[in-house]
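Chains as they are written, first to last, in my numbering: chain A, 1 to 214; chain B, 1 to 211.
Wrong hints could be hidden among the right ones.
[Stated by the list, open to error] Part of the chain A face toward chain B, derived, beta carbon under 10 Å:
#1 A45
#2 L146
#3 E168
Don't read these hints as lab results, they were simulated from the structure. All residues carry an ideal CB built from backbone N, CA and C; glycine is no exception.
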Amino acid sequence: MMLRSTVRREIRQVVDPATGGDGTDRELVLAYQRDPDGDVGRQAASRLLARYRQRVLVWCWRVVGDRETALDAAQEVLLSAWGRLDEYDHDGRFGAWLFTIARNRCLSELRRRRVPLDTEAVIELVADPTPAPDEDLERRLAAEDLLGLVRDTLSPEEGTAVWLRCHEGLSVDAITRHLALDEKSGARGVLQRARRKLRAAVAARAGDEDGGEG
Amino acid sequence: MMEHCHPMNELADLAGLPTGDPRRRHLEDCPRCRGLAAAQGLFLEPGDTSDLPDLVAADAELAGRLQSALATPPGAVTRPTRRRANWYALAAVLAVCAVGLTASELWRGPGGTGPRVGEYVRGDEAVGLAVTTGEGFLRCDWPAAPEAETFVFALLDAGLAEVERHQEVRPGFEKSVTDLPATAVYCQAFAVSRGDTIARSGIVALRPARE
């Protein structure tokens, strides 16, 4: 009984700012896992989610693009994390775990809207819409080819911009801010440069293949 | 996925490894890991958020939604429904909903517009807590629940912990902006009658009022 009250007091010190302890993410998760249905556990979960609440909302907003959908998505992400907190195994950072949930939720939303993602998005970025869409491009570029092409052709900054746009669905504005680009055209300019380089690389490879066959 | 790609939960730590470490070299060479690490970095450190108008108010709304979900009124479902729910659980939830709906209708009366804890409703509209400033003063008004004897205005920090409270006999209070606790970010009002909270407002951001 004494031990139990001591543990509860220690947990309370972790989660109660009035007693000086704000708690690391790990401490708050542990406090919740020890007492998931009690006040102390609930308070710990509440503080932990509050710590990440705005980050989740910002991510969702930047990916899905509108306030109301972002609010719904962020709420789902945080409640989903709460519902799975007793299964969290402290392997890696809590923020990384929460990011995975937020990322998956937002990508699901984009897929629901049929927004092109991953390989399809990179192909759409690279494909020349005039005078006619490049019908062979999709057939010629598998996902692994594309990653190799990005690695061999683009600078790290260009590769990251392509990833954030095509695989994460982030807005051009958000990418510009993240990459701290000071050029006037921001991420748009970087993506256009990446597109030109990738097109040239695809064309060169197609030429090599044709030459090889002939 | 390339050979030796790292799981998501390890990415954040790889950039801090020594330059020659093969795991760091992989991070620098692999577009997938580099892209995911950049995305995770942007999630953890969102940076300048001026591209998102009204973020403070949206965050306050999300805080209110979460507070409602995390609150544990007696008899309420306190945690998100698990996917493992079976038919018995489903039946129990339906039964609780039926009882709750009936009780709610009885309480709200035939007009369906009576007060209820959680928000104060006039017609079909929830009565909002208004936060305004004028000549260095912060003013909170919540014209709700006239049957209440006292009103409590709680100032909350970013984690929704209470940092200060004001008890008033009228549905509003004023305070000098310079006297506001530095950590106060939100305000929430409660209507109290005979010692019981009979209604509460949503959580509203103070920041626009501070600026």
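Checked hints:
| no. | hint | verdict |
| --- | --- | --- |
| 1 | A45 | holds (7 Å) |
| 2 | L146 | holds (9 Å) |
| 3 | E168 | holds (5 Å) |
Checked against the numbered hints given earlier, the structure satisfies every one of them.
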